[in-house]
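Each chain is listed here by its residues.
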Amino acid sequence: MHEGLDQWSFVVAAYALGIAGTLLLTGWSWISMRRAERRRDAVTRR
Amino acid sequence: MHGFANPRRFLSLASWLTPALLVSGLLLTAGALAWGLLAVPPDRLMGETVRILFIHVPSAWLGMGGWTAIAVSSIAFLVWKHPLAAIAARAAAVPGMAFTAICLLTGSIWGRPAWGAWWVWDGRLTSMLVLLFLYAGYVALAQAVERDGGSPRIPAIFGLVGAVNIPIINRSVVWWNSLHQPPSITMGKSAIDAEFLIPLLVAMLGFSLLFGGVVLARMRALIAEMQHEARLRRKAWEASDA
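Chains A and B supply the protein sequences, listed in that same order.
Residue numbering for the first sequence follows this note's numbering, starting at 1 and increasing by one per position.
Residue numbering for the second sequence follows this note's numbering, starting at 1001 and increasing by one per position.
No lab work stands behind these hints, which were simulated from the structure alone.
Computed from a predicted structure; not experimentally measured.
Note that the Cβ used here is the ideal one computed from N, Cα and C, for glycine as well.
Treat the hints with care, as some may be off.
Claimed, not checked - Example chain B residues on the side facing chain A (calculated, C-beta under 7 Å, incomplete):
#1 Ala1039
#2 Pro1041
#3 Asp1043
#4 Arg1044
#5 Gly1047
#6 Leu1104
#7 Ser1108
#8 Ile1109
#9 Gly1111
Unchecked claim - Straight line, CA to CA, 20 Å or less: simulated DMTMM-like cross-link-like pairs of lysine to aspartate or glutamate:
#10 Lys1235/B with Asp6/A
#11 Lys1235/B with Asp41/A
#12 Lys1081/B with Glu1146/B
#13 Lys1235/B with Glu1225/B
Claimed, not checked - Covered by chain B, according to a simulated footprint, are these stretches of chain A (three or more residues, beta-carbon under 8 Å):
#14 26-34
#15 38-44
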């Protein structure tokens, strides 16, 4: 370990980045799937 | 396997499998990360920063796994011409790229307290960065092919050629001197203590289930977009015919 860095700040930064990235990816893929399926079904009903 | 290449059969399977994978993946991942953050003891050498392992390693696994999925789907598409295989390859690209980016960023955050540097140009880090660029190239190429009506064989061949980077990433810490540690988990053996290994395996399983759910959601979105386009075209053709 170098320069007496606070190790927890690195741990928290890595977790925040990893969790935020994973949740964004999951949410975006779910919402874009639902939106695409709604658009397709709307054309069928028209 | 060929039976699931039927889009109707695939969609009926994916309709319940997508939320099942996403929910089970989210629960397992959340549990494993809480375990790694709160219950695992600090490491003798790395101290508290060892906890970054539970995000960094699954991200690296999925970054490489995503491109392996692209390569396998590309072979299936080139050999059997299943359109669903080309869709599966496209669907794996964005999640694979996202996890490669998470792996690089968390690795950089880990490298600063462990090595005293945010980045070093060694074999493992550089080949992982090359993987990120390959993903970006694949996504752009697949979008351009779809927009301009090109052959889907082009991204499939790119996916196969890019797969040469996967064994390079895997063996990089053996072939070249590196600050990055050599592989801790090999076939049937582990240099990691069970206190770290078990939550790590749970995290890898959770992230993998999540990845599977995201890929299925992307596949369903791509199929729905194609069906939407086809139905619009058919309606326009019927209207002009009437």
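Discussion item. Would the hint on isoleucine 1109/B be counted as holding, given a Cβ-Cβ threshold of 7 Å to chain A?
Written reply: holds (5 Å)
Worksheet item: Has the given pair, lysine 1081/B with glutamate 1146/B, been kept, meaning a C-alpha gap of at most 20 Å?
Response: holds (16 Å)
Item to complete: Grab the minimum C-beta distance from aspartate 1043/B to chain A and call the hint holds if it beats 7 Å, violated otherwise.
Response: Hint on aspartate 1043/B: violated, closest Cβ of chain A at ~10 Å, above 7 Å.
Worksheet item: Are lysine 1235/B and glutamate 1225/B close enough, with their CA atoms no more than 20 Å apart?
Response: Since the Cα atoms of lysine 1235/B and glutamate 1225/B sit roughly 15 Å apart, the hinted pair holds (cutoff 20 Å).
Item to complete: Answer holds if the nearest beta-carbon of chain A is closer than 7 Å to that of alanine 1039/B; otherwise answer violated.
Response: Status violated, d = 14 Å.
Worksheet item: Has the given pair, lysine 1235/B with aspartate 41/A, been kept, meaning a C-alpha gap of at most 20 Å?
Response: holds (14 Å)
Item to complete: Grab the minimum C-beta distance from glycine 1111/B to chain A and call the hint holds if it beats 7 Å, violated otherwise.
Response: violated (10 Å)
Worksheet item: Does the interface hint hold: is arginine 1044/B within less than 7 Å of chain A, judged Cβ to Cβ?
Response: violated (12 Å)
Worksheet item: Once the shortest beta carbon distance from leucine 1104/B to chain A is found, is it less than 7 Å?
Response: violated (11 Å)
Worksheet item: Three or more residues of the region 26-34 of chain A near chain B by CB distance under 8 Å?
Response: holds (count 5)
Worksheet item: Is lysine 1235/B close enough to aspartate 6/A, meaning Cα to Cα at most 20 Å?
Response: At roughly 63 Å apart (the allowed maximum being 20 Å), aspartate 6/A and lysine 1235/B break the hint.
Worksheet item: Within the assertion that chain B covers the region 38-44 of chain A, do at least three residues meet a Cβ-to-Cβ distance smaller than 8 Å?
Response: That given contact holds, which follows from 4 residues of the region 38-44 of chain A lying within Cβ reach (below 8 Å) of chain B.
In this structure, the hints that do not hold are numbers 1, 2, 3, 4, 6, 7, 9 and 10, in rising order.
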